[in-house]
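J.: Sequence:
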Amino acid sequence: MENLDPMVVYDRVCDDMISGNLESALQGLSWIFLHGAETDPMFNVLRRTYGLGTWRQLAGRYPAAQIALRNLHDEKLAQLVGDSSNASLIADVAALKKYSC
1 MENLDPMVVY DRVCDDMISG NLESALQGLS WIFLHGAETD PMFNVLRRTY GLGTWRQLAG
61 RYPAAQIALR NLHDEKLAQL VGDSSNASLI ADVAALKKYS C
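Letter 5 of the sequence shown, counting from 1, is numbered 5 in UniProt numbering, and no numbers are missing.
Accuracy of the hints is not assured; some may be wrong.
Said to hold, decoys possible - Here are the in silico distance ranges between beta carbons for each label pair: (1) 53 x 88: 32 to 38 Å; (2) 80 x 45: 14 to 20 Å; (3) 38 x 77: 19 to 25 Å; (4) 85 x 57: 19 to 25 Å; (5) 20 x 80: 33 to 39 Å; (6) 15 x 39: 30 to 36 Å; (7) 24 x 83: 29 to 35 Å; (8) 81 x 38: 21 to 27 Å; (9) 24 x 85: 32 to 38 Å; (10) 19 x 85: 40 to 46 Å; (11) 82 x 45: 21 to 27 Å.
By construction, these hints were calculated from the structure, which means they are not laboratory data.
Beta carbons are placed, not taken as given, at the ideal position from N, Cα and C, and that holds for glycine.
I would like the entire structure built from these sequences, with the hints used as guidance.
T.: Structure representation (structure tokens):
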């Protein structure tokens with residue numbers, strides 16, 4: 001999904017959730033969180049709010065999404081231990097904690 005518009009990916013995620021293609025929705029949400037801001041820096045805040053909020057909704061229907069969300073939180077937290085001055089990483093961990101609980 002390189003060089004994609006994150007809003008296009010988000011729209012596709014929403015369509016996937018409506019149609020029941022939950023694994024595809026999970027893959028899209030993962031890409032949005034990990035890579036969405038690379039193609040559109042303005043998307044950084046949206047991925048931590050709407051993106052994670054949508055991920056949490058998906059987790060309510062699809063247990064694998066909850067597991068993936070917790071795993072992502074744990075991975076980012078481990079990264080933070082080695083780089084505690086990275087403001088973006090701190091914001092990621094805080095947002096992930098809020099939405100993964």
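J.: For every hint, state whether the structure bears it out.
T.: To see whether the hints hold, each was checked on the structure:
Take residue 53 and residue 88: their Cβ atoms lie about 19 Å apart, and the range 32 to 38 Å is violated. Between residue 80 and residue 45 the C-beta distance comes to about 19 Å, which sits within the given range of 14 to 20 Å. As the Cβ distance of residue 38 to residue 77 is approximately 21 Å, the hint placing it in 19 to 25 Å holds. For the pair residue 85 and residue 57, the supplied restraint of 19 to 25 Å is violated, since their beta-carbon distance comes to about 33 Å.
A beta carbon spacing of about 35 Å between residue 20 and residue 80 agrees with the range 33 to 39 Å that was offered as a hint. A beta carbon spacing of about 20 Å between residue 15 and residue 39 contradicts the range 30 to 36 Å that was offered as a hint. For residue 24 and residue 83, the hinted distance range of 29 to 35 Å is satisfied, since their beta carbons lie about 32 Å from each other. Residue 81 and residue 38 have their C-beta atoms about 23 Å apart, which keeps the hinted 21 to 27 Å range intact.
Taking 32 to 38 Å as the suggested C-beta distance range, the pair residue 24 and residue 85 conforms, at roughly 36 Å. Range check, residue 19 to residue 85: about 43 Å between beta-carbon atoms, so the 40 to 46 Å window is met. For residue 82 and residue 45, the hinted distance range of 21 to 27 Å is satisfied, since their beta carbons lie about 24 Å from each other.
Of the hints listed earlier, those the structure fails to meet are numbers 1, 4 and 6, in rising order.
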